[in-house]
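Residue numbers (the working numbering), protein chains in the order written: chain A, 16 to 320; chain B, 275 to 1144; chain C, 178 to 303.
Treat the hints with care, as some may be off.
[As the list claims (entries may be wrong)] On the chain C side, residues computed to face chain A include the following (Cβ under 10 Å):
1. Arg232
2. Ala269
3. Gly288
4. Val292
5. Val299
6. Val300
7. Gly301
For the record, the hints were derived by calculation from the structure and aren't laboratory data.
Quick caveat: nothing in here was measured; it's all calculated off a predicted structure.
Here a beta-carbon is modelled for each residue, glycine too, at the ideal position from N, C-alpha and C.
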Amino acid sequence: MQGSLVRGALDPRGSDAREIAALWWLLLALGAAVFAVVAVALFIGARRNSTTDASTARRWMLGGGIVLPSTVVAVVLGATLWAMRSTAEQPPAVEVEVIGHQWWWEVRYPDHGVVTANEIHIPAGEPVALRLQSADVIHSLWIPELAGKLDLLPERVNTLVIDASSPGEYAGRCAEFCGLQHANMDLVVVAHDAAGFTAWVAEQRTPAADPATAPAQRGLVTFLAHDCASCHTISGASAGGETGPDLTHLMGRSSIAGGLLDTTVPSLREWITDPHDVKPGVLMPAPALTDAEIDDLLAYLETLE
Amino acid sequence: MSFDVAAPSDRHGPIGEPVVDEVTGLLTDPTTPVSAPAATTEQLDRLWDDKPGLWGRLTAVQNDAVGRRMMLTGFFFLLLGGSVDSVVMRLQLARPDSEIVGPQLYNELFTNHGSVTMFLVILPIFEGFAILTLPMLLGSREMPFPRLGAFAYWTFLMGGLLYYSSTLFSAVPDVGWFAYTPLSGPQFSPDLNVDFWVLGLGVAEIGAIAGAVEIIIAVLKLRAPGMTLARLPLYAWAMLITAFMILFAFTPLIVGSLLLELERGFGMHFFTPGAGGSSLLWQHLFWIFGHPEVYIQFLPATGIVSMVLPVMVRRRIAGYSWMVAAMIGIGFLSFGLWAHHMFTVGLPAIVLAFFAAASMVIAIPAGVQFFSWIATIWDGQVRWTTPMLFVFGFMITFVIGGITGVMVAAVPFDQQAHDSYFVVGHLHYVLIGGVAFPIFAGVYYWYPKFTGRMMSERLGRWNFWLLFVGVHVTFFPMHIVGLLGMPRRIYTYPEDAGWGLWNLISSLGLLLILPGIGLFVLNVWWSRKHGQRAGANPWGADSLEWALPSPPPQQGWTRLPIVHSRHPLWDQDELHRGDDRHEQLAHALGRWPLKWRAVLVVGTGNGEPEEVFRVANTSIWPFVTALGTVGIFASELLKLRLGALLGAAIVIGSVVMWNRPSPPLMTEEEELAFERDHGVPVRASGSLVVARWGMALAILFVSIAFGSFLLSYFYLRLENPVWPPAGVARPGLGIAAVVVVLFAAAAGAVGAGRRGILAGDRARLVRGLAIGSACAVAAVALLAVDLASADFGPGDHAYGSIFHTLGAFTIVLASVAVVMSVSTLVYAVRGHYSARRFSPVDNVARFWAATGVIAAISITVLYGAPYLTS
Amino acid sequence: MSERTPIPVDSPFEPAVRQASTVGLWVRTIGGPVVWIVHFAFVYFVAEAACATERSGSNGFVGSDALVVAIVVATVVAMAGCGALLVTARRADGDRVMARIGEVLGMGAAGATLVTGLAALVVGPC
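Chain A on its own, in the form it takes in the complex (with noise of 0.2 Å):
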């Protein structure tokens, strides 16, 4: 959610999108050209008052019609080939489940058993493999400055290598209609430094801790109670629901409900209290909490680091 995320495909950070852009000023450098050449020849043409019956139909037909796109087509369909073989190569260093939910991202390493949301955390500088799939309709996994796009289809696992050549945060995102909140369905890839990323897959095996505070302890009774655990896990809590995002590690993440919103307590509060509102159509229930249980219930959430 932070502007500096920013940056498009054009500004490639990862080695797939690095060998699309190259592609890509190859094809504006070509259609610049080509679009100069008609352009030229178009006004050129509509100035000259040619009086004579000579014509030039020949020439134009074999330069422009045949020699010039014939070139242009040769010289664009070796750079797409070309750039198509070299994108499989090295075995993945991580394997990440990438499941497509409407609207949210589940994210699973079976390697380490991590689970989480609406995030990827992946070592810096090493292919990472995601095994994409949907539960429910046609996704698509687009981070601009990785890799290309990439669709999450109900019945088949497509694998996406992607590698982030230097440790930050990348904007990603669904790139297919899939329905009503297609638009919040956001996602952020973070990449560490080896150190960071054991550290972080470390701290993510870490079950929840009990709730110490006694409204944190009434929180996760009230979660326990309305049925919250049907949908979500919080390992460490006997929750194992998995319609919804897996929270054991919620406060951990920047952003909840799809990227729509930042990971706050007074953000919280506005979802919880009518997830509807903040977008229409999600499928978490409204939970019918009184404003006293709300409170405990983020006392509890909080502790979710």
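Starting from the structure of chain A, add chains B and C where the hints point.
Leaving out everything else, chains B and C in the frame of chain A:
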């Protein structure tokens, strides 16, 4: 009378006064040949006129009426869906976090905008324009099947209205114009929204195909004597190729829509992954339609440009044969590109590679077209009239869209650009620059022909410049914001995304486009009464329609023109002189027969007279058939299965009525007398040649539909490692063999009946039709019983769904053939048909031959493919 | 091109119209593109089948090696087909303009066939 023009400029050739001189000077240009009036004009006008009053409107079949209605309705939908929607969307996106509309309404808006412009605007405008103008352009009096044309219009109108009626039910389609499964499936879109999309547009798609059949036959068979294929105006070529493309592209979409509706309404599984379906199958079926659709819109536009541009630069088009080859090439290549809309779904690299190759290769024929226009401009002298301005706007804008098109054909780059605003920018450059601008050029160019008045040049210039600048201001920034990461189809975006400025500029562009369109509407309306009067040929054009008075009489050509040149009005001093035989025939057809609508058929290649036939007259049945069709779809929408049966009964009944033989109005002896004088067969009971073409295209349509079912079958087969699913027995082969034999016997018997009537033996015809119909009924019954007794239902799994659907398709096809042969049998028993008048028998025999082949393949696949394992 | 084409072959007293056959015209004009699209469809379906085989493991109709062979053979056959069409088109007499159109399309189709075939081979199976 002043002719509005902008300030003169000697730089760019004749702007200002010279234009006035040139244009008005040409009004009386003595060198332009005009069509000669005949004493019979009034009689012919009465003969060809549609009836007055409401009844007359409902029964009208004249190409003028049908074409005009289609175009006006298309423009009406454009204002509704193209403009209103986009204004609201641009308002919403002008600023970040804007709350003018919510997500539901926004999704409805972009779904509607795409669906309406792709299905209900450009297509009917082009088909309508072709139906309106082709007879004049080709030197004919009518389209080949006027009733089919009327049917095309009614289905298109009613389909559009059915689609729009979703507003009344608050169930506006909201899953995008592409309706990807499973989002559009029963689980994620349980309400009626998607049904309105599938069924409403489905009706309009049927109309599109009906119109295409008309256009193909008109161009190939209904031309002036002497107009060989090589003398066809380029616009006619463009429409011929487009119409074939419509047939090949819309049919798979209709099949896909049918499968989607079977999944939504009948619980079948074609696209549901859990039950063996594949969400990608829908994408394939949709884009096999969807990509050619772009070229279906683009080719007619290039046809218009190829007509307008040479006239405005006073030079023949450079490289006519190259141009035709390029258009045919584009028509074929466009069917090899569909998967470039699927570059991000995870297709195998090898598949991506050759779809990328085909997508780029199409740049070459497009380049040929482009440089043919440039060469023509280069060799000519440009007259800066409004149509020419739009042609220029087209060339500049479209070349950008074409270049970005090659860019997105580069697979890796497309994986960035796909579904981003880059693509939105690209496609609007193509569709507005490449299609809308030529439509404007065409309206300004042909307006005087149909109204007898010129459109205002002053308004025209404002119209053009506002649109041209507005389009670039609106759509160019979209490329940039797409590369910055803005995906399509989002109803809002946060401020810190950094897309605000570009979106604001895009939205401000509308402030130029809207007055531009307003001026166009104003100009069309104002010029009807106040425009400068136009003579027959105000632009000094070369093609036949400009030899007719403006506006032209009902029947168009009183005396048919005789064509010796590709540019008859430039090269011929006289339109009615030529080969003696042609001259006499054209002369005779001006005076005879005055009691039925006579149309001349010529040889496909050589343009030599081949037949004079009686074209169908006014009829209420096309309207009733359309009502029945829309009744079937509307009943399915409301889940009134009985209503659908009623609709089907209406369709069958009205089609039989529509085609029932009418009294020939002339004895065989009278026909023979004319034949002896002019050497051309006369068919007062209806054409043999045109009917054969009609049947050939009907068979082609059925075959493409069947091919789409087969494609779906084998695609599902590949997606399912176990086929049939575990626990399902393979079908028995005994009954299948009997059914195939019965179908073959039916086709053979009907064929034998046809040979009987050719030999003048009606008894043999009756016998053949009776035996054929009986065999067919037995085959259908046997097949139906076998399908019904299968130990799995259509809703059990994808195998069951496609098995029963393909089986049902075969049954429906055979039933149609049975209805045809039985009704022919009835007429034969009543004494119709002779060795001269046997066209319906001919058609039934051909349809039966095709049905036999299709049924045999279908049953072989249904019963044989489960045995095919690796 | 001759301005006066010969009188048609219809004999006015025949019940059935004898039309000058246009099959040859169609074959000469659009034969090349038809060859291209058949080649394209064939290569696509074989590739789809081979890659489905690879995805699901056992359900094999087409192996990777067979795929490469199929593409090479199909491309060679299709290009030979285009060549044969061009040769017959040159020999046939008919409208010069239509012959020219057929010639351009035939050569274009051969080129397009080669490009699609090569593109598939360069990237390799699945």
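Verification of the hints:
no. : hint   : verdict
1   : Arg232 : holds (7 Å)
2   : Ala269 : violated (24 Å)
3   : Gly288 : holds (8 Å)
4   : Val292 : holds (7 Å)
5   : Val299 : holds (5 Å)
6   : Val300 : holds (6 Å)
7   : Gly301 : holds (8 Å)
The structure fails to meet hint 2 from the earlier list, while all remaining hints are met.
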